[in-house]
Every structure is written in structure tokens, then in C-alpha cells.
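Visitor: Letter 268 of the sequence shown, counting from 1, is numbered 268 in my numbering, and no numbers are missing.
Calculated from the structure, these hints are not laboratory results.
Everything numeric in this text was worked out from a predicted model, so none of it was measured.
Treat each hint with caution, since some may be false.
[Claimed, not checked] Computed beta-carbon distance windows for the label pairs:
| hint | residue 1 | residue 2 | range |
| --- | --- | --- | --- |
| 1 | Y76 | G98 | 39 to 47 Å |
| 2 | P43 | F204 | 38 to 46 Å |
| 3 | V107 | N173 | 40 to 48 Å |
| 4 | N135 | Q188 | 22 to 30 Å |
| 5 | K39 | N173 | 37 to 45 Å |
[As the list claims (entries may be wrong)] Straight-line Cα separation of at most 35 Å, DSBU-like style, residue types lysine-lysine; simulated pairs:
| hint | residue 1 | residue 2 |
| --- | --- | --- |
| 6 | K202 | K182 |
| 7 | K182 | K39 |
| 8 | K69 | K109 |
| 9 | K54 | K146 |
| 10 | K97 | K39 |
| 11 | K54 | K29 |
| 12 | K75 | K54 |
| 13 | K75 | K146 |
| 14 | K109 | K182 |
| 15 | K32 | K105 |
| 16 | K29 | K73 |
| 17 | K105 | K69 |
| 18 | K105 | K146 |
| 19 | K128 | K202 |
| 20 | K146 | K128 |
| 21 | K69 | K171 |
| 22 | K128 | K182 |
| 23 | K54 | K182 |
| 24 | K97 | K109 |
| 25 | K97 | K29 |
| 26 | K128 | K39 |
| 27 | K128 | K29 |
Don't be surprised by glycine CBs; every beta carbon is placed ideally from N, CA and C.
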Amino acid sequence: MTEEQELLIDKLIINKELKECYKRNGLCKNCKQTNSYFKWCQPCISNHFQPNFKNWTSGNHDVDEFIQKAQLKAKYDLQIIEWIEYYRFEDVEYLAKGGFGTTFKAVWKDGPWELNDDSQLERVGETKVALKCLNNSQDITADFLKEVESNILVYNTGRTVRCFGITKDPKTNDFMMVMELKDYSLRQHLNNSFISMNWEEKLFTLYNIADGLEDIHNEELIHQDLHCGNILSNDIHQAFITDLGLCQPANVKSSQNSNRNIQYMEYYLM
Numbered sequence: 001m002t003e004e005q006e007l008l009i010d011k012l013i014i015n016k017e018l019k020e021c022y023k024r025n026g027l028c029k030n031c032k033q034t035n036s037y038f039k040w041c042q043p044c045i046s047n048h049f050q051p052n053f054k055n056w057t058s059g060n061h062d063v064d065e066f067i068q069k070a071q072l073k074a075k076y077d078l079q080i081i082e083w084i085e086y087y088r089f090e091d092v093e094y095l096a097k098g099g100f101g102t103t104f105k106a107v108w109k110d111g112p113w114e115l116n117d118d119s120q121l122e123r124v125g126e127t128k129v130a131l132k133c134l135n136n137s138q139d140i141t142a143d144f145l146k147e148v149e150s151n152i153l154v155y156n157t158g159r160t161v162r163c164f165g166i167t168k169d170p171k172t173n174d175f176m177m178v179m180e181l182k183d184y185s186l187r188q189h190l191n192n193s194f195i196s197m198n199w200e201e202k203l204f205t206l207y208n209i210a211d212g213l214e215d216i217h218n219e220e221l222i223h224q225d226l227h228c229g230n231i232l233s234n235d236i237h238q239a240f241i242t243d244l245g246l247c248q249p250a251n252v253k254s255s256q257n258s259n260r261n262i263q264y265m266e267y268y269l270m
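Please take these sequences and the hints and turn them into a complete structure.
Guide: Pasting the structure below:
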């Protein structure tokens, strides 16, 4: 914003709070009202998603309600999640099996939503994703939705793994989280590259991990299961924290951790 524009705003907008909001977030190009967040008009975004609620369903009321509330409360495009029909994926391949489920990789034909320069949401196109399937998740659990919620809340600096939405395997009826696909775990990366990495690259990886932990702690959460298998990496030594299923509020005592009945909907019902 130029100095001339700021002077004009100071003259035209009397309300101090509205004036600061305008300077901080800008004006929506669609409705010409002050943006709710930086370059993000929540009423216009809600108008984009809400009319379409009747056109899709996961087959589970809790999942539908969770996704709808998340879409209406998103503060920027990277927080948007959605229900993704399984047929929108192709080239699905097995990746790995863990204690709680199985992970596959696939190509999402549509790709996620992105805000363009005209403040319009548009698809980015084909995107490689990871499909994280929890064993026996035909009946959705609070833990599953809590992990999705944690991913949304902490995705700020891009040092955690983004969740694009939820889908369901039509063969098993298990629900699956649709996540960003990274190259490999930090453990695999260090096994392959540690000797060839210089100190600057090693410190860069540590800095990325610290950024991710800061994002988690800023939401007053604790990861509780951080290890090299739950940190992903790539060829340029970036690090991304994942597997937020055990995240708990920082004020929950360790003796309370056995109580898994977490009120995952609280954030979206506020």
C-alpha cells in the first residue's frame, strides 16, 4: 500500500479498528468489503463452499459436519479440507504399513484449492498425495478427526505435513486422510545422506523441525510421539513433522493421556 493510499484511507475511514483491519488485510475484490484475514474474505469463501454442501456426503454425519465447519472457518487456502471421492485418485500404490494403519501414494486428479491473484479459488491440478488409512476405521473415531483437526490448526509455516481432506477406500470402507506426499522419512534421509550433508544443511533440517514444533506449541499442543519416523524430508534437506494423532493440549497431565475422548469439535463450534 502506497503512502498516498494510506493517507486516503485515514481520511475516509473514521473507525480506528476498521481502518487497521483494512490496512492489514486489504479489500475483497469480490464484495468490496474489508477482508477477514490477509487477502482472505471469509464470507465470500463461505459462499463458495456452502451452496455445495448438499451435493456431497461421506456417508457419515460426523465427517460431513466436521469438513463443513472446517471450510467455513478456514483462515487461508492452506487450511481448506474437503471430502474427496476415491475415484478422483489414480495410480494408487502401497507405501508402508505401521502399527495403526497403511499408507499409500496416489495422484489426485483435481488437486487442492488455491487462491489466485484475483482472490478466486481455483484447482491447482494433478497433485501427488499420501493416503493414510487407519485400520478398522469404517466407524469414524474421535481420534481420527482429532488428527485431521491438529493438522489444520498447526499448518502455519509449512513445516508440518498438510492435510488436504478425507476419503474412503471403497473396498474396505476404511476412512483415509489425504496428505502431502514427501520423499521419505528423516530416518531414511539421514541413512542415505548424513555423511554427504554439510553442517549448514544439517542445521537447516534442525531449523525446520524447530519451526514445526513452534507451530504445534503455538496452538498449545504437544506432539508426544516425535521421532525420525514421524518427520519427513526431501532432497533439499527440508523437514516436515507428521503423525499428529497423539497431539494433546499442553495443559493435559500425563495421567490424563489415557483418556482418548478428546472433544475434537470444540475448535469448530466456538
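Visitor: Compare the structure with each hint and give your call.
Guide: Hints and how they fare:
no.	hint	result
1	Y76 / G98: 39 to 47 Å	violated (30 Å)
2	P43 / F204: 38 to 46 Å	holds (40 Å)
3	V107 / N173: 40 to 48 Å	violated (22 Å)
4	N135 / Q188: 22 to 30 Å	holds (23 Å)
5	K39 / N173: 37 to 45 Å	holds (39 Å)
6	K202 / K182	holds (18 Å)
7	K182 / K39	holds (28 Å)
8	K69 / K109	holds (25 Å)
9	K54 / K146	holds (24 Å)
10	K97 / K39	violated (40 Å)
11	K54 / K29	holds (27 Å)
12	K75 / K54	holds (23 Å)
13	K75 / K146	holds (19 Å)
14	K109 / K182	holds (18 Å)
15	K32 / K105	violated (41 Å)
16	K29 / K73	holds (20 Å)
17	K105 / K69	holds (27 Å)
18	K105 / K146	holds (22 Å)
19	K128 / K202	holds (27 Å)
20	K146 / K128	holds (24 Å)
21	K69 / K171	holds (28 Å)
22	K128 / K182	holds (9 Å)
23	K54 / K182	holds (33 Å)
24	K97 / K109	holds (24 Å)
25	K97 / K29	violated (46 Å)
26	K128 / K39	holds (27 Å)
27	K128 / K29	holds (31 Å)
Violated hints for the displayed structure, listed by number in ascending order: 1, 3, 10, 15, 25.
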